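Quick note, the sequences are listed as chains A and B, same order. As numbered in full-length UniProt numbering, residues 1 to 440 make up the first sequence, in order. As numbered in full-length UniProt numbering, residues 1 to 440 make up the second sequence, in order.
Honestly, the hints are just simulated from the structure, not real lab data. Since we're looking at a predicted model, the values are computed, not measured. Check each hint, because a few of them may be wrong.
Intra- or inter-copy, both count: the list cannot distinguish identical chains.
To be verified - Result set (DSSO-like, lysine-lysine): computed pairs, CA atoms no more than 27 angstroms apart in a straight line: (1) K412 with K377; (2) K397 with K430; (3) K257 with K30; (4) K181 with K122; (5) K271 with K237.
Protein chains: 2
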Amino acid sequence: MEPIKVGLLGFGTVGSGTFTVLRRNQEEIKRRAGRGIEISRVAVRMPSKAQVAKDEGIAVTDDFGAVVDDPSIDIVCEMIGGTGFARDLVLRAIANGKHVVTANKALLAVHGTEIFQAARAKGVMVAFEAAVAGGIPIIKALREGLTANRIEYIAGIINGTTNYILSEMRDRGLDFATALKAAQELGYAEADPTFDIEGVDAAHKVTIMSAIAFGVPVQFDRAYVEGISKLAAIDIKYAEDLGYRIKLLGIARRTEKGIELRTHPTLVPEKRLLATVEGAMNAVVVHGDAVGTTLYYGKGAGAEPTASAVVADLVDVTRLHTADPEHRVPHLAFQPDALSNTPILPIDDVTSGYYLRLRVADVTGVLANITRILAEKGISIDALLQKESEEVGGANKGETDIILITHETLEKNANAAIAEIEALSTVVSKVTKLRMAALN
Amino acid sequence: MEPIKVGLLGFGTVGSGTFTVLRRNQEEIKRRAGRGIEISRVAVRMPSKAQVAKDEGIAVTDDFGAVVDDPSIDIVCEMIGGTGFARDLVLRAIANGKHVVTANKALLAVHGTEIFQAARAKGVMVAFEAAVAGGIPIIKALREGLTANRIEYIAGIINGTTNYILSEMRDRGLDFATALKAAQELGYAEADPTFDIEGVDAAHKVTIMSAIAFGVPVQFDRAYVEGISKLAAIDIKYAEDLGYRIKLLGIARRTEKGIELRTHPTLVPEKRLLATVEGAMNAVVVHGDAVGTTLYYGKGAGAEPTASAVVADLVDVTRLHTADPEHRVPHLAFQPDALSNTPILPIDDVTSGYYLRLRVADVTGVLANITRILAEKGISIDALLQKESEEVGGANKGETDIILITHETLEKNANAAIAEIEALSTVVSKVTKLRMAALN
Chain A
1 MEPIKVGLLG FGTVGSGTFT VLRRNQEEIK RRAGRGIEIS RVAVRMPSKA QVAKDEGIAV
61 TDDFGAVVDD PSIDIVCEMI GGTGFARDLV LRAIANGKHV VTANKALLAV HGTEIFQAAR
121 AKGVMVAFEA AVAGGIPIIK ALREGLTANR IEYIAGIING TTNYILSEMR DRGLDFATAL
181 KAAQELGYAE ADPTFDIEGV DAAHKVTIMS AIAFGVPVQF DRAYVEGISK LAAIDIKYAE
241 DLGYRIKLLG IARRTEKGIE LRTHPTLVPE KRLLATVEGA MNAVVVHGDA VGTTLYYGKG
301 AGAEPTASAV VADLVDVTRL HTADPEHRVP HLAFQPDALS NTPILPIDDV TSGYYLRLRV
361 ADVTGVLANI TRILAEKGIS IDALLQKESE EVGGANKGET DIILITHETL EKNANAAIAE
421 IEALSTVVSK VTKLRMAALN
Chain B
1 MEPIKVGLLG FGTVGSGTFT VLRRNQEEIK RRAGRGIEIS RVAVRMPSKA QVAKDEGIAV
61 TDDFGAVVDD PSIDIVCEMI GGTGFARDLV LRAIANGKHV VTANKALLAV HGTEIFQAAR
121 AKGVMVAFEA AVAGGIPIIK ALREGLTANR IEYIAGIING TTNYILSEMR DRGLDFATAL
181 KAAQELGYAE ADPTFDIEGV DAAHKVTIMS AIAFGVPVQF DRAYVEGISK LAAIDIKYAE
241 DLGYRIKLLG IARRTEKGIE LRTHPTLVPE KRLLATVEGA MNAVVVHGDA VGTTLYYGKG
301 AGAEPTASAV VADLVDVTRL HTADPEHRVP HLAFQPDALS NTPILPIDDV TSGYYLRLRV
361 ADVTGVLANI TRILAEKGIS IDALLQKESE EVGGANKGET DIILITHETL EKNANAAIAE
421 IEALSTVVSK VTKLRMAALN
């Protein structure tokens, strides 16, 4: 049989990685797919960057539209990124009846509904394993491997840059700015790291997973997003003293009132496997009612790990492209006419345990006032750590730090209690609040 | 659309779990599959055991053949186990043109080639996610999620019983017999635990994975199988002193000369995630050339975790059963006409690091003789631990234990060195040999 023809849009890290892996493993891939998979055209802004493709006799152009419109191409592989130009090209490829493979989480988290509808109308596939957790086949696990389950929650370390920075902050006692700089020098963080460190990238990914897990549309605009740029080294230290590690988690959780969809620094008990995931690695925990807790671990970024996912999608599309569209796996696991409108909860309605740190005047009665306020809000205390004045850096004489771990409560209750605590005359700082995840 | 009809053979732990999960999550499963999945008949030796199915109006019989021959049934779910009766029924179901879902690792590891050929001839699917690592979707990950990769190795904790026993031996300092008895009392080990503790169950599972990973036929008769029943508590202790945990691993590894396929107690560096998998949990590491190291973790046994995998297969078959057989995912990942005849290596030709423990007379020169023998065989020493006589339980006065960790060498070299060491007059015990896995 003739090889299936792929048009590659973009030849950066992921695009060139895809080219490399497809070429190196072409025999093995063909033995699996039953048919060759051939990159027949590449579009890239600067064609000189794709010289290795040219050397293989592949047509390289800077005209992206020409590739998307090329009638000889079966699958368009979108490796550009971003939500503007990439969206136009993907929709145009779909309109031309081409299948699409993409690694673009931003595009799907924001425009997924539009893109999947367009694909359905044309009877083509949009595959996106590479959009979440790089080489880890988490989309396939969620969408196909766990179909028996009512998924209860997903919690993932799905941004390698921030996990690397957090690992360095803990291991070497660095503050955020220093750790970020080191990460940039080593290539683990980009020159403009905003999307990573502010949690946007992780939030894009967990938004996609939430749709697959719960059968709801992708709704990035409802996601709560908080990064690690304001995280203090001292909280990593205190958390460790209490038996926790701080990780940037993307969390999607089903509750009776709706779906929690949130990304923020999170205290994880140190005994959980997720707490031991270090450096730039990714890991996702999925809890289903039948299967219990499962975990998926691997490299979440990089040329070849991401290409691993892209090529797996190419093989899937190659296998299934002649199949009746009604019998393919739905893009978001659930049949498109069976999506639910379960609401995404605002952050105020999220339930969590909290880590609270505050500086107080070290006088009689200060703790009694704080615990009274928490009790009045129905918040019970799980652990308490009081640091002697001399241990606390930057504190004035006669001041000390109190760290509280609360049992689960509504975020709005926690916030109300914090406001009252901050109003106490004996409390001399703002309250630092971090969320926890038990991951039972 | 009418529900797809499933005939269930067996109603023990997995059969009844499948019934429970399908019933409880039927709405959610239907939203994913696009079609209801209905157990329409159950065959069980003692129909009284399937009363819950009868209560739902499902026909229950003790005539297994009647279910397999029932023209109204689309998918036969084989949940009996074993290689005799189960094989006959599966082949008969296939001959009748029915798709088969099975959790039976022994059947596929031993008779897989025959069964997959029969299925191919009739254009039906045989799905077996539940046969390896229970609820963890490792078959799907290997077969579809990692198709881009040249798989380098698989190493898995794929038998919960033995992992539970090993965890108890380490945590509580128990010997094997005591830990086994405790596991039996808690239901983690069966009355006749032979298949689990002697490594046969794990070897069945890694045999199946080796076929999928490397594109070779299932060849259980070539697998090297060694269990944990002869493992001494002292080796777990010494291994820990040296920074390792002992796990029963199923290992399938590609080398230049052929494929290693082996199951045995293995020293794993304590920093590896696999080393931290405790109790009855399962985890599989897969290393691919593009993706690097990935890990999959979850419950490897039990009614609902296993049912999670069975039902996922039912959904897959439901989605794909109208598809052109040539475009389905091949049973063993590779197209049946693209299997390779790469040989499975005999254990003598396997490469490993070794842990060697021996008791010696504590006299001058004993270590010099041992290290000379190793050097002559080209085996270099990575670590050495000598225990003072008084620390060593059961030793006669003037004797002590030496523990050696070697760098990688051929098994036959290690054995030759061991034979020479045992012939030394100063060596007063047999040498205990355990294999190691770096899992880089």
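Consistency of the hints with the structure:
Taking the shortest alpha-carbon separations for K412 and K377, only the intra-copy value of 10 angstroms comes in at or below 27 angstroms, while the best inter-copy value is 70 angstroms. When the C-alpha separation of K397 and K430 is checked against a cutoff of 27 angstroms, the pair qualifies only within one copy, where the shortest distance is 18 angstroms, while the shortest distance between copies is 67 angstroms. Taking CA atoms no more than 27 angstroms apart as the test, K257 paired with K30 passes between copies only; the shortest distance there is 23 angstroms, against 48 angstroms inside one copy. For the identical chains of this complex, K181 and K122 are neighbours neither inside a copy (46 angstroms) nor across copies (61 angstroms), given an alpha-carbon limit of 27 angstroms.
In this homomeric assembly, K271 and K237 come within 27 angstroms of each other (Cα to Cα) both inside a single copy, at 16 angstroms, and across copies, at 21 angstroms.
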